[in-house]
Structure formats: C-alpha cells, structure tokens
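Colleague: Below are the chains, spelled out letter by letter.
Number of protein chains: 2
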Amino acid sequence: MDPKLLSAIQRQNEQAISDLKRFVAQPSISAQGVGMTEAAQLTADLLASAGFEVQILPTEGPYPVVIGTQRGATDRTLLFYDHYDVQPPDPVDLWETPPFQPTIREGKLFGRGVSDNKANIISRLAAVRALRDAYGTLPISVKFIIEGEEEVGSPHLPSFVECHRDLLAADACIWESGAVDWDGAPQVVLGLKGILYVTLRVSSMARDAHSSTGTHLPNAAWRLIWAIASMKGPDERIQIDGFYDAVRQPTAAEIAAADRMPYDEVRTRQSYRIERFLLGLEGAELRRRILFEPVLNVCGLSAGYQGPGSKTVIPAEATAKLDFRLVPDQRPDDILKKLRAHLDQHGFGDIQIEAENHGENPARTPLDHPFARLVADAALEVYGRTAAIVPTMAGSGPMFSFTDTLGLPVASAGAGYPDSRAHAPNENIRLADFENAVKHVAVIIQKMASDTW
Amino acid sequence: MDPKLLSAIQRQNEQAISDLKRFVAQPSISAQGVGMTEAAQLTADLLASAGFEVQILPTEGPYPVVIGTQRGATDRTLLFYDHYDVQPPDPVDLWETPPFQPTIREGKLFGRGVSDNKANIISRLAAVRALRDAYGTLPISVKFIIEGEEEVGSPHLPSFVECHRDLLAADACIWESGAVDWDGAPQVVLGLKGILYVTLRVSSMARDAHSSTGTHLPNAAWRLIWAIASMKGPDERIQIDGFYDAVRQPTAAEIAAADRMPYDEVRTRQSYRIERFLLGLEGAELRRRILFEPVLNVCGLSAGYQGPGSKTVIPAEATAKLDFRLVPDQRPDDILKKLRAHLDQHGFGDIQIEAENHGENPARTPLDHPFARLVADAALEVYGRTAAIVPTMAGSGPMFSFTDTLGLPVASAGAGYPDSRAHAPNENIRLADFENAVKHVAVIIQKMASDTW
Chain A
533 MDPKLLSAIQ
543 RQNEQAISDL
553 KRFVAQPSIS
563 AQGVGMTEAA
573 QLTADLLASA
583 GFEVQILPTE
593 GPYPVVIGTQ
603 RGATDRTLLF
613 YDHYDVQPPD
623 PVDLWETPPF
633 QPTIREGKLF
643 GRGVSDNKAN
653 IISRLAAVRA
663 LRDAYGTLPI
673 SVKFIIEGEE
683 EVGSPHLPSF
693 VECHRDLLAA
703 DACIWESGAV
713 DWDGAPQVVL
723 GLKGILYVTL
733 RVSSMARDAH
743 SSTGTHLPNA
753 AWRLIWAIAS
763 MKGPDERIQI
773 DGFYDAVRQP
783 TAAEIAAADR
793 MPYDEVRTRQ
803 SYRIERFLLG
813 LEGAELRRRI
823 LFEPVLNVCG
833 LSAGYQGPGS
843 KTVIPAEATA
853 KLDFRLVPDQ
863 RPDDILKKLR
873 AHLDQHGFGD
883 IQIEAENHGE
893 NPARTPLDHP
903 FARLVADAAL
913 EVYGRTAAIV
923 PTMAGSGPMF
933 SFTDTLGLPV
943 ASAGAGYPDS
953 RAHAPNENIR
963 LADFENAVKH
973 VAVIIQKMAS
983 DTW
Chain B
533 MDPKLLSAIQ
543 RQNEQAISDL
553 KRFVAQPSIS
563 AQGVGMTEAA
573 QLTADLLASA
583 GFEVQILPTE
593 GPYPVVIGTQ
603 RGATDRTLLF
613 YDHYDVQPPD
623 PVDLWETPPF
633 QPTIREGKLF
643 GRGVSDNKAN
653 IISRLAAVRA
663 LRDAYGTLPI
673 SVKFIIEGEE
683 EVGSPHLPSF
693 VECHRDLLAA
703 DACIWESGAV
713 DWDGAPQVVL
723 GLKGILYVTL
733 RVSSMARDAH
743 SSTGTHLPNA
753 AWRLIWAIAS
763 MKGPDERIQI
773 DGFYDAVRQP
783 TAAEIAAADR
793 MPYDEVRTRQ
803 SYRIERFLLG
813 LEGAELRRRI
823 LFEPVLNVCG
833 LSAGYQGPGS
843 KTVIPAEATA
853 KLDFRLVPDQ
863 RPDDILKKLR
873 AHLDQHGFGD
883 IQIEAENHGE
893 NPARTPLDHP
903 FARLVADAAL
913 EVYGRTAAIV
923 PTMAGSGPMF
933 SFTDTLGLPV
943 ASAGAGYPDS
953 RAHAPNENIR
963 LADFENAVKH
973 VAVIIQKMAS
983 DTW
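The listed protein sequences derive, respectively, from chains A and B.
Sequential numbering from 533 applies to the first sequence in the working numbering.
Sequential numbering from 533 applies to the second sequence in the working numbering.
Among the hints, erroneous ones may be present.
Intra- or inter-copy, both count: the list cannot distinguish identical chains.
Keeping only pairs whose Cα atoms sit at most 27 Å apart, straight-line, the calculated DSS-like set for lysine-lysine is [stated by the list, open to error]:
1. Lys869 <-> Lys553
2. Lys764 <-> Lys870
3. Lys979 <-> Lys536
4. Lys553 <-> Lys640
Just so you know, these hints were derived from the structure itself, not from any lab.
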C-alpha cells in the first residue's frame, strides 16, 4: 500500500485506540436497556469528530439508529453497517478485568463489545481520517448505519431500511463482522443464514394430574415430543411439507469456496469432546452442510417435574424453543406458515406457536461479484495473504435489508480473530489486527474510487 | 350388626376422635424427615393403649416399622397394613386451618394425614377396643404393620417383609386405603399397579453451543425426543420389545367388575377441562384401560433454554423423568432391562438410565377370593349398600409384599371419600365415614372368626 497512507494510518493510531477505549467504557446493553441513550450520543459524537454529518433517527423500537454521511471526491458511496449495542457481560465473575473498563494486556484490548463490534466502527473512522490526512480528500463518499438492536435480533431494522432507502443509497456495503483465521489469513464473508425462532406451547388440560391417570388423561409432554419428532428424525432431514421448496442450490463456485473454507475439525471435536460430527460428516461434506444446509434446532424443552428424585405427575403444560436456520431463498414467514400446516396435518392443531419477532431472511452476495473480489484484493494487499472468500456464515443477521432491500453487494471486513470471545467473558481484539483492519478499510475505499461495476 | 357391638362402638367414639386429633397433630413428613421419631413412638403408644404388644423395628432405611400383635380367641389372624408418615403440607397457605392443627368443621375433621392414613389406624384400634368391650374378648388375633416410608415409595418395606415372615404371618390383610364413592357406596379394592420410575439423561457434548452449529454438533434435546418418541406413539401402544409379554389378561369376572366400577366421566372431564379422554375412551373401554393397562408417562422434560424470549443454543444436556405403571405379572427390574435394550437397539446406547429405587411390583387378589366376599358382605351390613369390588386401583403401593411374599388375600377398608384431598391442602374425612369405617372393620373381624378358606 501507498507509504503516504500507511504513515497517515500510523499517525492517528493512538487517537483511534483512545477513542475505542472511551467507546467500550460506555455500556450499551440492548437486552437490558443499559446505557443505550448515552451510547447512541457517543456514537454520533465519534462520527461527527471524524467529519461526518450525523443524524440520530428513531425506529419503531426503543433505540435509535445513528446515520453518518461524508461526501468525498465522487458520488460513488460505500455504506458501513455496524451496531453500537453489546451483549450482556454475564457471567461477570469470569472476566479478568471489568467488562466496561477497557484494558490492554499482552497486545490485546479487553472489554465487552470491543470485538463485536466497537473496534470495527472505530477502525472505519480511523481509515477515513487517515485517507483525508494523506490525500487531503476522501476519494469516495462514505455512509454509516449504526443500529442499537443487533444483539436482540434487529427487529426494527428492516422497516427502518425500507423507509430510508434514499438516505442509505450506496454502491456497496461493508458488514460488521470480519476476522482473520487462526493462521492469520483474512476471511471475507458474503452471506448469512436466516432465522425463525418459535416457542411451541402445549396445554393438554386445566392442571397437572397424578401419573396413575396416564391411561386416559392427555399428557402435554407426550404431545410435544410427538409433534417435534414428526418434524425431523435422526437422518436430520426436515419433514415439514415444502420446507426445502425455496432452497436455492449453491453454485459450483460457492461449493468450491465452501470446500476450501478453513475449519479445524480436530480442534472443534476436541473442544466439544465429541468423537464425530452429526451424521459422521467430515471434509467437504461437512463444510457444505455448515454453509448451505438449513437446520431445525431444539434450543429448549420444559415440562412437568425437573427436580431431583421423582414426582409422579402428568404435565398439563409443555413448551419447546425451536430455531430454524434458513438459507436463500427461504423466508421465515413462509416457514412459519408451513410449520403451522404441518402441526395441523399431523393432529397437533392444539399446539400454539409463538414466533419471536419476524425472524430474519437469509442473504448472500454472489461470489463472483466485483465487490467481493475488490475486498479480497484489498485484503491481499494489507495482510499479504490470500483471503478466504466464504459464501456465507452459519449465523444470522439483518443482511437481507442491504443485499435485497437496498440491492447492495455486501462483504465483511473487521478486527476479529478466532479467540475474540464475542458474547463471552474476556472479549478482546489483538491491536495488530485492529491496525490491519484500519488499513484494509482504507484500501477498500481507495479501490472503490477506480473499480466500477 | 349386633346392637351390643354397635353401642360399644358408640361408647368409645369420643376417645377415638380424641386419639385421632392427637395423632394428626404430630407431624410425620417422611420426605422431609420432620417428626418421624416422635410419630413412630406415638404410633406405638396408641397401639399399646389398645392392648397390643408393640415392637419398633428398624429397616434398612431411616424410619422404623411399628409392629403390633394382639392374641384373640383363635389363631386366625387379620393383618392391617398402614403407615404413620404423611405427605408434606405444601402449599401451606391454601389450608383453611393449619395442617397440623386438626380442626372439626361441618362434620369433617381437617388435617394433613387424617385421611391418608391416620384415621384408618385409629378406626382399626377403635374396632378392636369395641369388640373387647362388647364381648370381653377379641374373636380372632390381630396384627399391625405400620411403616414410615409409604409416602416416599416404601423402598425398604419389601426386604423388611421378607425378613419378618413369621412375625407377620396371618390369614388376610386389610389395606390402608378404603373409601366410599360420591353416592356413599363402599369400594373394596383388591389390587394396585406396579411402578418403575426412571430419569433418562443425555449428554451429547462437553458444553452448550451456539445454535448456528446445529448442522453438525449433536443436540441432546433432539436425541432425547427421538429416544422417547421411539417408545410410544399417539396410539399409546408401548413399542419396547417384550413390554407386554408378562401382562396377565384380566379374568371375565375382573372385566365385569371393571365395567361396573363407578367413574364419573363427565365430572372428571369438566374438572380437567378436556373434551375427551385419550383415544376417545369412554364407558367400559375406559374403565378397563384405567385398571388393566400398563402405561408409560413422561413426568418431566428439561433441556437448554427455558426462560422468556429466545436464546439460540444447542443443549449439551437433556433429561426426562418417566414412569411406567405396571400390571400383573410385569416386574420393574425386567422392564428396566427391556428399556435399556430398547435404547441400545435404537441407537441410543449413550443415553443413561437412572432408576429411582427398585420400583414396586403390581399386585392383585383374585375377585373370587372368599376374603374379598367377606369384606364386601361386611360392607353391605354396615353401609346398607352393595360394595363395588374393584379389581385394582390405577395407583401403586407395596401390596406385592403382602399378596405374594406373605401369600395373603388383601382388600381395602377405610374412612375416605372422593373429596378427602389426600396429598392436597385441606385434607379431611367426614366423621360419619369414620364411624362406618370402625363398624366395617369390627364386622370384618367378627366374620373372620367363622368364615374360613
């Protein structure tokens, strides 16, 4: 990369670390409503101090979205999607230093939210500053959308994006996650799975009964078990009519990229102390399944007596928490309808389904999109390593609003690494990764000025 | 009945009620170890004051058995099985008067354990006293075995009975339960189902995982659901190989008795707010199933996240509590082996089974046994109503030790009625039922002197 840009980045590194510590020290726990107003204001202040015009806009939910825009030399525009909220810090006693007291140890910065995803926000701002410092002007226009409900499923973001298409108009989008793998090779992620999360609720009678009446009184736990077992057997194939109808088969290029995806099978099996993965999966078959297969999970079960020893009872109530992980072009509302139809057809019309918000659509940017190539090329320039282009993550997020509602190519770039412990105690980033993340974004912005599609 | 006996019973009624209040005022909660030593001693004192030779004998468990023997005019011997322990009084705030402060209201005596089964013990003692008062001698010999662990599954009674066959030798046994139905007709019960209670435990990996990994990491909740679903479907037929092998078909007389069994279907359905019983059962089919069909119940389920809202997690642990209700001649140890084999055969060799103690064998006295007739005839004489002879209850208890280990015919007689609320707040008996229970036992003892088999 250009030595002028490199030295500009190095000049503002101290300021960036200082900003990041200040940002992390501000709690912003959306699940608990802690510090959200102050965090939104601080986000706006940080953007403003980097030269952005800032708006704090309400959504239909409790926490506002922070929007930043900065005009550059051209109308060509890069949009950053990030979030200012963080996960709860529990269990707090497992933290080596307090979660909201950012601390540097052994080249790492520890604190809740540092990796997911406050360092990314600060790294993008540092890149913008360095570009202006190096060249006197920003080569393209840059926008930010920074929401406050990512950690609670972004329930109000899709409608916000629908209503603010003009404000958010851009040519491409950089996603909030982004990391290097254990070997230091950068990963460029182009998609996310969708999700539908439901609670199934069975109420079989007015109250629990003595289990000697099990011959003739209806048992809610049995009904729940039968209903769930009807949806999937040990072959892992989901039996809901039409469940796979909308599944778009991955392209040959996506399959090839999945096969190349770094995944440490031995380390993962050791970590979970399992002898084999489900269905005996390994190698390419395992990687394809992780990326391209929708799945139905039982996240929780609850019925009757759960304490020590015995209680002879017929449960009148039973509940299960299920999540469906969806792939393009499945839709949570369609799957919800098919789930209802499945239960009705199998004699479980009495089982209630409560959906947690509207779920999230899956989203994927094509592997051969020029923007994917641009982000990978920039990574090669900064990291000196060929980036692994990953067609999709197994996780979920509000990416569909950007790929489909706004029609943008989306790719990840960021400061994470495999031991960043997002959502866990002792969340951290390595400072060397942070500096690379600043460089990566700066080069992406540079390349956007010349590369067109 | 003989007017001499009747007036003797009436003479000692006041003393009996006073003894009963004293007995109920003494807590004896085996599940919590409250008042057990004092209650065993009080039981012994009450027996001694009615002329019994008393022994307080240890078992392999924490609470002793109280044995009473009283020689009568002949060696012919009637044995009473009862228990001095009671259920915990919780929830205490639903009691109208304190559970261990026996109180008479509207012809009923309220208190924990009054119906189950302290009134029965006192009624038998009152009958013995009245017979001696009326005739100067007891027409036959009488024994008591009164245990302290009935409410926790009588885990140590079978081995106690095995070791004390001579001490307990008798010609017949009166069982602790016994009641009139809603119409005031006495019920004579001749059997109990057996029980096997197990906890199934699945551990699929070292710790919970994020549910985006559900494509390839093993989910303990799914394995539990599949394992349980493999045992029984909505047709209620148990699919464990050999489960029904030992089931003895009920005799024509038992079936006829079941068909005549009073069971208020409408009232039960209204009470549980259900439109129909399982499988649409009603009438004779319903009654036969209640009495003669073994059943597999899910008493509890627990896995993963059970709180409000959503948590996206693959549970590493899942447990279920199951009970099997068994009929002659099934055995809990045999069913436990068959359950293990079933899980192994169906690919669930990793699922652990923890059995709660050894379970209880089913037991049944033949309907045509002369003792059954004797108890029914005595009931007709006392209640002026034909007794309903019920081949078996749907519940469980340690009856097998008496029917099979000791080889005795067993029938119930007691002071309960359908609203006695055993195990529930405001447990009570009606004083009129109590007096009838005294008379019934007195006449049974009289008839034992002349009736032989």
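Colleague: Does each hint hold? Answer for all of them.
Modeller: To see whether the hints hold, each was checked on the structure:
1. Lys869 <-> Lys553: neither (46 Å within a copy, 61 Å between copies)
2. Lys764 <-> Lys870: both (14 Å within a copy, 26 Å between copies)
3. Lys979 <-> Lys536: within (16 Å within a copy, 114 Å between copies)
4. Lys553 <-> Lys640: within (12 Å within a copy, 73 Å between copies)
In the structure shown, a violation is registered for the earlier hint numbered 1 alone.
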